[in-house]
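Novice: Since chain A is already given, all that's left is putting chain B on it; use the hints.
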Amino acid sequence: MIKTKKYVNIILILTILLLVFVAGCSVTGGGGCSGTQAQGWSGFTVYKQDLCFGSMEGKVIAIDPQARTDNKTFPADTEWVYQIKTSSPGAACGPMCSPSSSAAGVGIYDTPISVDDLIYVGSYSGKIYAINAVKGMIRWVYPREGLDTIGAIVGNMVTDGKSLYFGSSDSKIYSLDAVTGDFNWDFQTSSKIWTGPAIDNGVIYAGNYGGDIYAISADTGKQIWSIKIPSALSSPITVSGDTIYFGTFDRYLYALDKATGQEKWKITGGNWFWAQPLIAGGKIYAPCLDQKLYTLDPASGQELWEFTADAPIVAPAAISGNNLYMISDKGTLYKLDAGSGALVNTNSVEFTVYSPIYASGDMVYVYARDHNVYAVDTAQSTIVWKFSSYLK
Amino acid sequence: MVDIWNIVILNPMLNGLIALSEVCFKNFGLAIIVLTIAVRLVLTPLTVRQTQSTKAMQLLQPKLQEIQKKYARDQQKMQQEVMKLYKEAGINPLGCIWPMLIQMPIWIALYQSIMQALAATPENLLMLSQHLYAWDMVGNAIPLNEEFLGLRLSQPDPTLIFAILVGVTMWVQQKMVTPPPTDAQQQQMSSMTTLMMPLMFSFFTLSFPSGLALYWVVSNIIGIGIQYIVGGGWGYFTLPFLKPRGAAPGTKSSQDVKALKSGNEKKKG
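So the protein sequences, as listed, match chains A and B. Sequential numbering of the first sequence, starting at 1, is according to the working numbering. Sequential numbering of the second sequence, starting at 1, is according to the working numbering.
Looking at chain B on its own, in the form it has when it is part of the complex:
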């Protein structure tokens, strides 16, 4: 299983990344940025679909809550009504899960590629030898030039800059897609998820090679960009100086759902 993973996914991406660093003026930091952008562009259709499905699901929340209240004592009826609602809106509840599942192996491979290519220790460098193709481009690039913007990409960032950047970008991305909580329990859950992930990744950044932190920051920024374009603005993320580009989410749910439904019907037609 490990061999299949290495041959089919990891090795091509790893060698591609190393060859790319040779093309990018022997600059591995630039190669990380270019590859992250390229992978995100390739995966854009999936990301867009995931974003749209998530948004559609969120727009249905008031309706779902109504059904939940109305059929609180009849679970079977409630399920039927929920499925009916999904069908009317033209939403597949799995729509936001499959794109994410398909993307995960690619992200893990990209993540592993960066970690392995950086070869932070002599042991890692030795292990890298078993993953490389016999390309001159790859041979000439190894060991990679790890200097980037005054950082050593194989070492953790000695300043807190990357930790803050990772945390902030991840938090913004989370806030854009997290609807305002409707009750205390939801608020607690929402705070947990939107704060814990950025904090944990910020913490990891302090002990991980900064090359990986660079990948996280770039990936988050692209994610915010896609979310902004597809979601029609900053979504649920609000700051005093940020005015929502589209309608405030959750305020016109029935109209939005109708619009979504009509959009889906048009697509089908």
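Just chain A, with the same shape it has in the complex:
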């Protein structure tokens, strides 16, 4: 009898462990047991001397690198912070999320863009914000009403200076007036959009998770052409010359004719081409989650050289002068000769990095998953300063 009780106890303990395991998963906001909440991975945009980025706490922050070097108290001079309100249920929220719940997901994946004195950013909770770049005050929000949202915005916005264009998880591509935030048009696609579009000569190129690629008139929102490919887009689209480039979930990097959507070439990698391909100096720099940076000839897709990092490369590469910078998701920052691919040096922020980096001269700015912005002087191989976006 005593032994039987012991077995019953074992069953109870196992049940409790299972419940703890299940409960532990629920803390991730439904994101998965080993997953995380929708925190975002915004990169930087520059307004005058300030770097603007979306933080993992749902803030849009402008920091002055010089003020940070001088170790001034934040916010100094031109610096500011704008907190995106968590009042909307958002896209990743079920009936358990109260309207004011922080689990609503205010992560910012969209790297801000600027037009004149406004900074624009889209949030995972399904809103577009236009913020005064000087004072950090809100100018307008879309959708206008407090609780109204469109689908989660994950891909980057693009602009032609008068309008904003972006895709949303509600499967639509939107166009808004950049000055007023008024709705211009929307274009319904067949599936959700988590990758950023590209714009060139009045044409928007966008892809969705149904494997459809669209060319749409920026003025009217009318379709010019569309094609279907076997797999969905894993990376944002890059346009250069007469070609558009993007990665797909079946591990290809595609080059399509931008006028017709016809395939020009495709190459395969060891994993997804997740980051946006960078085109500079007559080369395509395509980071891949197989830890390699592929450098290709844009016309033929022929590989010129490749560089292997110490971990998957999630963030796009950046160019400054003759140097190419790329960062692995382990936080190792590589400085390469952009022409030959020769390694100049490496630095590390010693933390996971998903966000796009920003390079200016020898300085590289990195927003890591430890919520810190690192200013790395690659000439001196030192971290000049770091800035916590927690802002405690």
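Simulated from the structure, these hints should not be mistaken for lab results. Just to be clear, a hint being listed does not mean it is correct.
[To be verified] Just some of the chain A residues that point at chain B, by a computed CB distance under 10 Å:
#, residue
1, Pro-143
2, Tyr-209
3, Pro-230
4, Phe-307
5, Val-314
Where a beta carbon is used, it is the ideal one built from N, C-alpha and C, also for glycine.
Specialist: Frame of chain A, contents of chain B only:
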């Protein structure tokens, strides 16, 4: 340890599930149902053994209580008598634990596979890349079509339907195997276990992706089916319109134990 778990158990199941969704007309909901059924079928021998052992243990309860009363002051003798009873009935007390222990990693892997494949957030999608095989079938299926019966499987069910279904099916399954309590303390324990688990899982369903709730419901329904077939009816679960298919459990314990013993002897022979 995590790597071994991923390579040996999680990754094959995850990739299998994603490939299955491609076969199931790009319908991930259907893939969850098919894989849950397949896994439960593969594990049926273990489940049946667990069910039989549990039933046999329950049938012995009156005898055990008798021994407990009789040797209340002599623990050693009581243990000897209990073991003798188990031996006579041909029951291994661990018989209902090992099948459960073997099944647990598989259930956890299936559970993790569904959660990871659904990739509810962009971060989850990014993490998924490190678990996938370079199969065209898998590449073409990602990201999964999460629409199923009007639901988005990566999001919690906005209605209460799945929460109720999860709770009710789990409660029925529990009630089928939980014997009626013999005293007040047991009654309290019994009520706790049969009610708390379904309530907790119903609560989880409100904040978990509905794909996981779908898996729970299907798994519970199959569990009820197996219990019904192996246990010979609705077991201890009674509703006015449900008549037990076999003998009411606990009423003919000595005959049942004899039958069990004779069955076990036949098997040995």
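Novice: Against each hint, give a clear statement of whether it holds in the structure.
Specialist: Here is what the structure says about each hint:
no. : hint    : verdict
1   : Pro-143 : violated, 20 Å
2   : Tyr-209 : holds, 5 Å
3   : Pro-230 : holds, 5 Å
4   : Phe-307 : violated, 19 Å
5   : Val-314 : holds, 6 Å
Hints 1, 4 from the earlier list are contradicted by this structure; the remaining hints agree with it.
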